[in-house]
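Novice: Chains as they are written, first to last, in the working numbering: chain A, 1 to 292; chain B, 1001 to 1238; chain C, 2001 to 2342.
Worth flagging that the hints you see were computed from the coordinates, not collected in a lab.
These figures come from a predicted structure and were not determined experimentally.
Where a beta carbon is used, it is the ideal one built from N, C-alpha and C, also for glycine.
Do not rely on the hints blindly, as some may be mistaken.
[To be verified] Restraint-style ranges between C-beta atoms, simulated for each label pair:
(1) Leu2312/C with Ile112/A: 52 to 60 Å
(2) Thr116/A with Leu2312/C: 27 to 35 Å
(3) Asp1060/B with Leu2312/C: 37 to 45 Å
(4) Ile2293/C with Asn1132/B: 54 to 62 Å
(5) Ile1179/B with Ala2215/C: 32 to 40 Å
(6) Ala144/A with Glu2295/C: 41 to 49 Å
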Amino acid sequence: MDLFLHQVLAGLATGGIYACMALAIVMIYQAIDHLNFAQGEMAMFSTFIAWQLMQWGLPYWVAFVATIVISFAAGVLLEQTVLRPLHGAPVLSHIVVFIALFAILNSAAGFIWDYTVKPFPTPFGTQPLFGQGLMSAHDGGMIAVTLIILVLLYLFFRHTRIGLAMRAAAANPASARLVGIRVGWMVALGWGMAAAIGAVAGMLIAPVVFLEPNMMISILLYGFAGAVVGGLTSPLGAVIGGFSVGVIENLAGTFIPYVGREMKLTIALALIVAVLTVKPSGLLGRRVMTRV
Amino acid sequence: MSDVLLSTRNLHAFYGNLQVLHGLDFSIATGGVTTLLGANGAGKTTTLRALTGMVRTRGDIVFGGRAIGGFATEDIARLGIAHVPEGRGTFSRMTAEENLQLGAMTRGDRRGIAADIERVYAYFPRLAERKNQQAGTLSVGEQQMLAIARALMLRPKLMLLDEPSFGLAPRIVEEMFVILRRLNQEEGVALMLVEQNAALALELADQASLIETGRLVMAGPAQDIGRDENVRRAYLGY
Amino acid sequence: MAQQDISFSDTAVRGLPSVEQNSWALWGTVLFLAVAIALPFFLRSFVVFQLTLAMIYAIAIIGLVLLTGINGQFSLGHSAFFGIGAYTAAVLMDQFGVSFYWTLPVAGVVCFVFGFLFGLPALRLEGIYLALATFALAIAMPQILKSSLFEHWTGGVQGIVLIKPDAPFGLPISSDQWLYFLTLAIGLMLAVCAMNIVNSRTGRALIAIRDNPIAARAMGIDISLYKTLAFGVSALFTGIAGALSGVAIQFVAPDSFTFNLAIGLFVGLVVGGVQSIPAALFGGLFVLFVPNIAESVSKGLAGAVYGVILILVIYMMPSGAAGLARLVADKVLMKAHRKGPR
Ligand SMILES: Nc1ncnc2c1ncn2[C@@H]1O[C@H](COP(=O)(O)OP(=O)(O)OP(=O)(O)O)[C@@H](O)[C@H]1O
Ligand SMILES: [Mg+2]
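Use the sequences and the hints to build the structure in full.
Specialist: Okay, here's the thing in structure tokens:
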């Protein structure tokens, strides 16, 4: 029982990472109605920018804020230049372009900053929170930040006019234009916000997994898993999903004999498929109800 | 009688390379009600789309003294043309009230918006009862009401309505036309109405135009058009 | 995110008599065959090997055309079926001494069964959710292949070394050339099968489901059956390709079947043209050669160059090579038509 609790706690710590990523994924899904496979690489690239700023001597929080601003601008710019010509193109073309972005960012980061693993500082410290090194202060801080972002996003989307406009632009662009919403800008804004949230996720994750161009690949997958488990339309669902994936991954690794440790990833993924099969819109996803 | 709110000259419209409108000239009076009649595929929907920049056009469109041909849809909406599209175009995943909020997206006056929402509920009491329901789950009639209500939230000078009676029970259609008449008279909104139900449309309208394969073949006071032998046979069924 | 999001722009109206098109298609095929048969006698054996691989990828991509282009279901997980096919052939040859030729149909059948089974839960998923579930499959496959549970057969991380068959009947050609011709023959046969499927009643049902599932159901089409069948058949094609690849490379290992392969196949599908079976060959060539080209442009930035090429291709050929070819062909034919008599 003790072991069980410990593993849950450790799972929550890793789950915080996934929750953070899942949140960024859902965010962009809300804004553009597509899953961005390059999102992890965008976060990784932002984190390198933060690292570079700190190398140049900027203090942590200054670099942190600057990175968020830069990432936001870069996200907007990326949408305006690379993705704008794709408006109205089939999903398949979008996926291919996301794959292309993935390749470009990964390779460029390796080229600029090389592939050696770099440590990344944490503002929260590394001392254990509950003893036994199951959850560190950094893990706690990361979870707290994730929850804060979640609340902010909720307020933004539910209670601001621009949040409402963004949701409308994503759900039904043609109608959104008819009520005067500048859809192009809403989409760009969505990319900016997603890039900014990704940057936060990257900077919080890097102290745990260390900084290198491939740091985000498996985290993106777990993030997807979390986002899907929670239902792609719900930020709260994404966070809960991210934590559950972390916990289940840990428990499976400990308690399922033999396969557990080797096939953690497989088990997490089997979970996605299982959840989707039972509940195709995820745990908290909104069932789209339409009458014909 | 009154001054011109919108006019077109030699209006062409295209889907890709396919030309659908071949040079339309018509005008809509401020505060007037115009109906556009025509067979299926004649280009009625396309005409409305052309006015709000949803298709590629050539020719002139002047609205309130301003040439708006080639403007983006969102800019045209901001000038005060509310288009209730074919198929209603409600935001089905959002609540009825959120739809109304969206209708007022171009406006900044919070208080005015809140007041307008109440006013719109007065026109459509049924929507008030269902304001927190997902729009996609409203009945077809309620969704149509919501679409019109949303368009009103823009405080438009001109409202374009594409077959608002489509799929509605006769009683609801009549109810809706009563409301449309009130909107026109009490709010001073000019209406451009595309309708299958030509009899009702001609009753409401003061001007009517008849369109055939993308060309205007007849235009004039609604009463005259309604009396025309060919129109009666083709669209009114007597 | 419903299926109608995939817009199938290839279904444009074409304004030419089909007889003329058929004769063009016939001549094109004859020319292609002549070149394809002659090539191995003029090229270095490494290039022959590369072309063989490109054809193998093309076969796998045909599987995706059937699934995505014809039936409207996504898959980012076909590396898994490719891997299962390769391992089926490898284990049969290595552990049970089965002849290579017999392993191909077995690999196909095994993959059909796996594909069909995977298609069952996939039935409930649409669009992006299905893409994710299949993506998960692609990610999981290398781990499963590495697992100590199956190590006895699969050789774990080490993989299995295989031997290329020599040309039979004492034919005076190298084993590379032989495998090339074998792949060409199998590829052609499978392509013809695929075209027949598309033009059959089954094909029409698959297309109806893609275009309008509700109407298809109303027409009495058993949607579940056809969708799972499409998954199975698609996996069958890809599995045979996998089996061929194992032998062509003479080695199978878990890390040959990562999601990179799945993404490569997907890219090949889109770049070729999702609905065109002949265009799968273009896709196969793209998958094989473009990464090499990127690497030759810049070693350090190979990935970035590849990405830029991909983006440019998508901008310039929004409906793939097939769409572009059709556009050009229509222009040329139109001109010829106008100039001609009458
Ligand atoms: N999106 C489109 N792409 C290509 N052609 C279109 C498109 N929409 C309409 N058309 C064509 O334009 C012509 C006019 O269509 P439109 O929808 O304007 O007709 P309509 O008068 O509104 O007919 P209905 O009474 O059936 O609604 C038709 O021939 C139609 O096929
Ligand atoms: Mg119409």
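Novice: All hints, please: hold or fail.
Specialist: Comparing the hints with the structure gives:
no., hint, result
1, Leu2312/C with Ile112/A: 52 to 60 Å, "violated, 22 Å"
2, Thr116/A with Leu2312/C: 27 to 35 Å, "holds, 32 Å"
3, Asp1060/B with Leu2312/C: 37 to 45 Å, "holds, 39 Å"
4, Ile2293/C with Asn1132/B: 54 to 62 Å, "holds, 57 Å"
5, Ile1179/B with Ala2215/C: 32 to 40 Å, "holds, 35 Å"
6, Ala144/A with Glu2295/C: 41 to 49 Å, "holds, 44 Å"
Checked against the numbered hints listed earlier, the structure breaks hint 1 alone; every other hint is satisfied.
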